[in-house]
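There are 2 protein chains.
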Amino acid sequence: MPEHITPVPLDKSYRLLNHGPTVLVSAAHGGVSNVMAAAWACVLDYGQSPKVTVVLDKATYTRELLMASGEFALQLPTQAMVSLTVGVGSDSAKEVPDKLVKHGVQLFTVPGSGVPLVAGCVGWLVCKWVPEPHNEQTYDLFIGEVVSAWADKRVFRDGRWHFESAPDELRTIHHVAGGQFYATGESVQA
Amino acid sequence: MPEHITPVPLDKSYRLLNHGPTVLVSAAHGGVSNVMAAAWACVLDYGQSPKVTVVLDKATYTRELLMASGEFALQLPTQAMVSLTVGVGSDSAKEVPDKLVKHGVQLFTVPGSGVPLVAGCVGWLVCKWVPEPHNEQTYDLFIGEVVSAWADKRVFRDGRWHFESAPDELRTIHHVAGGQFYATGESVQA
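Taken in order, these protein sequences are the chains called A and B. Start counting at 1 in the first sequence, then tack on 47, and there's your number in this note's numbering. Start counting at 1 in the second sequence, then tack on 47, and there's your number in this note's numbering.
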């Protein structure tokens, strides 16, 4: 387990994703792990059975691993990880079998799950796949129920983000297009 | 039509939502308009038939107007509009019939659609409802096909955001919880 990691209560886990950051999607099956990038991930429900959606193209290997294993993770890369994010989002493991090594992706697991998680991220949502064949076939839309959540306590603790008191390189990122992102910016209170 | 507004080509419209901002959802039916806030909105597809998802609780009046009229809009409020956003997200038109007036919401329409749009936002996605009864009943998840898109050209032009060269008050916002948002921050290129 990486230093600084701390569990996040399930009923607060939606706050990791609520501000709409770009995520890395990871899954494993039969001893093979993969990681891809996705900007189209979103909270679907909160409370004690929090859920997420994520769009996974039929061409992706991660989708195959997810469907074979029944689990996956969404995790939040940082401003320091934009190149890694674009790298794993551009290369397919079907054509670049060593893509994780190529882009410097280091994996770890947390208690209770075999899903590979990406080190260096600042939030992790470990999810159980909720099969919805029509959504998956028609829209490439997948649903997951969050079964455990974790965060880097330097930036997320007591149920909220604390980007202000940490280095900017730990800020989450929001992809627009073509490798251009916006970092999560200043806190604004209504 | 507000000053500064410009059409966005459909194949670039996903870029308005790709960075995961909080949106306002609007719809109208029978001469009644309503607006609510939603952090759980996401791109579902791009290209020439772009689609979006948005989660709309069964208690919301906007959901009823959407289902009665078959159309709705997602639009991006700014840092200057955090109080309006929290206001229309907290008050229900079922209990506060004059909520739009109370929170200073001004509406306009664009050519080809009767959907009310909120002035002061910096991006607008006019959508046709794509009915999916199972998703709506089970997950409160709605799908829309974007039929026209618009932006404030001070911050979005030539198919990309230009927050850097505009006042911070025009930045989009990302809700975490309890009225706390993060503004869209610095541009980062991989």
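Watch out, some of these pointers could steer you wrong.
Same chains, same names: a pair is fine if it fits in one copy or spans any two.
With a straight-line cut-off of 25 Å between C-alpha atoms, the simulated SDA-like cross-links for lysine to any residue are [said to hold, decoys possible]:
#1 K59 / H76
#2 K149 / S212
#3 K105 / E183
#4 K149 / G78
#5 K59 / P144
#6 K146 / E216
#7 K59 / G225
#8 K141 / S116
#9 K105 / A213
#10 K149 / A85
#11 K200 / Y108
#12 K105 / K149
#13 K200 / G78
#14 K175 / P56
#15 K149 / Y93
#16 K105 / Y186
#17 K146 / P214
#18 K141 / S130
#19 K146 / E211
These aren't lab readings, by the way, just hints derived from the structure by calculation.
Consistency of the hints with the structure:
Proximity of K59 to H76 under the C-alpha cut-off of 25 Å is found in neither arrangement, the shortest distances being 29 Å within a copy and 36 Å between copies. Taking CA atoms no more than 25 Å apart as the test, K149 paired with S212 passes in neither setting, with 32 Å inside one copy and 36 Å between copies. In this assembly of identical chains, the alpha carbons of K105 and E183 lie at most 25 Å apart whether taken from the same copy (9 Å) or from different copies (24 Å). For the identical chains of this complex, K149 and G78 are intra-copy neighbours only, at 19 Å inside a copy versus 58 Å across copies, given an alpha-carbon limit of 25 Å.
In this homomeric assembly, K59 and P144 never come within 25 Å of each other (Cα to Cα): the closest approach is 36 Å inside a single copy and 32 Å across copies. With identical chains, the CA atoms of K146 and E216 are at most 25 Å apart within one copy only, with a shortest distance of 23 Å there and 41 Å across copies. When the C-alpha separation of K59 and G225 is checked against a cutoff of 25 Å, the pair qualifies only between copies, where the shortest distance is 12 Å, while the shortest distance within a copy is 32 Å. Taking CA atoms no more than 25 Å apart as the test, K141 paired with S116 passes inside one copy only; the shortest distance there is 18 Å, against 45 Å between copies.
Taking the shortest alpha-carbon separations for K105 and A213, neither the intra-copy value of 38 Å nor the inter-copy value of 39 Å comes in at or below 25 Å. Taking the closest pair of Cα atoms, K149 and A85 come within 25 Å of each other only inside a single copy of the chain (19 Å); across copies the shortest separation is 38 Å, beyond that limit. Taking identical chains as interchangeable, the C-alpha atoms of K200 and Y108 are never at most 25 Å apart, the minima being 31 Å within one chain and 39 Å between chains. Taking the closest pair of Cα atoms, K105 and K149 come within 25 Å of each other only inside a single copy of the chain (23 Å); across copies the shortest separation is 47 Å, beyond that limit.
In the homo-oligomer, the alpha carbons of K200 and G78 never lie at most 25 Å apart, since the shortest distance is 30 Å inside one protomer and 50 Å across protomers. In this assembly of identical chains, K175 and P56 lie within 25 Å of each other by CA distance solely inside one copy; the values are 16 Å within and 37 Å between copies. For a Cα distance limit of 25 Å, the shortest separation of K149 from Y93 qualifies neither inside one copy, at 36 Å, nor across copies, at 29 Å. When the C-alpha separation of K105 and Y186 is checked against a cutoff of 25 Å, the pair qualifies both within a copy, at 10 Å, and between copies, at 23 Å.
Proximity of K146 and P214 under a CA criterion of 25 Å is satisfied in neither setting, with 28 Å inside one chain copy and 40 Å between copies. Taking the shortest alpha-carbon separations for K141 and S130, only the intra-copy value of 20 Å comes in at or below 25 Å, while the best inter-copy value is 48 Å. Neither within a single protomer nor between protomers do K146 and E211 lie at most 25 Å apart by alpha-carbon distance, with minima of 33 Å and 34 Å respectively.
Checked against the numbered hints given earlier, this structure breaks hints 1, 2, 5, 9, 11, 13, 15, 17 and 19; the rest are met.
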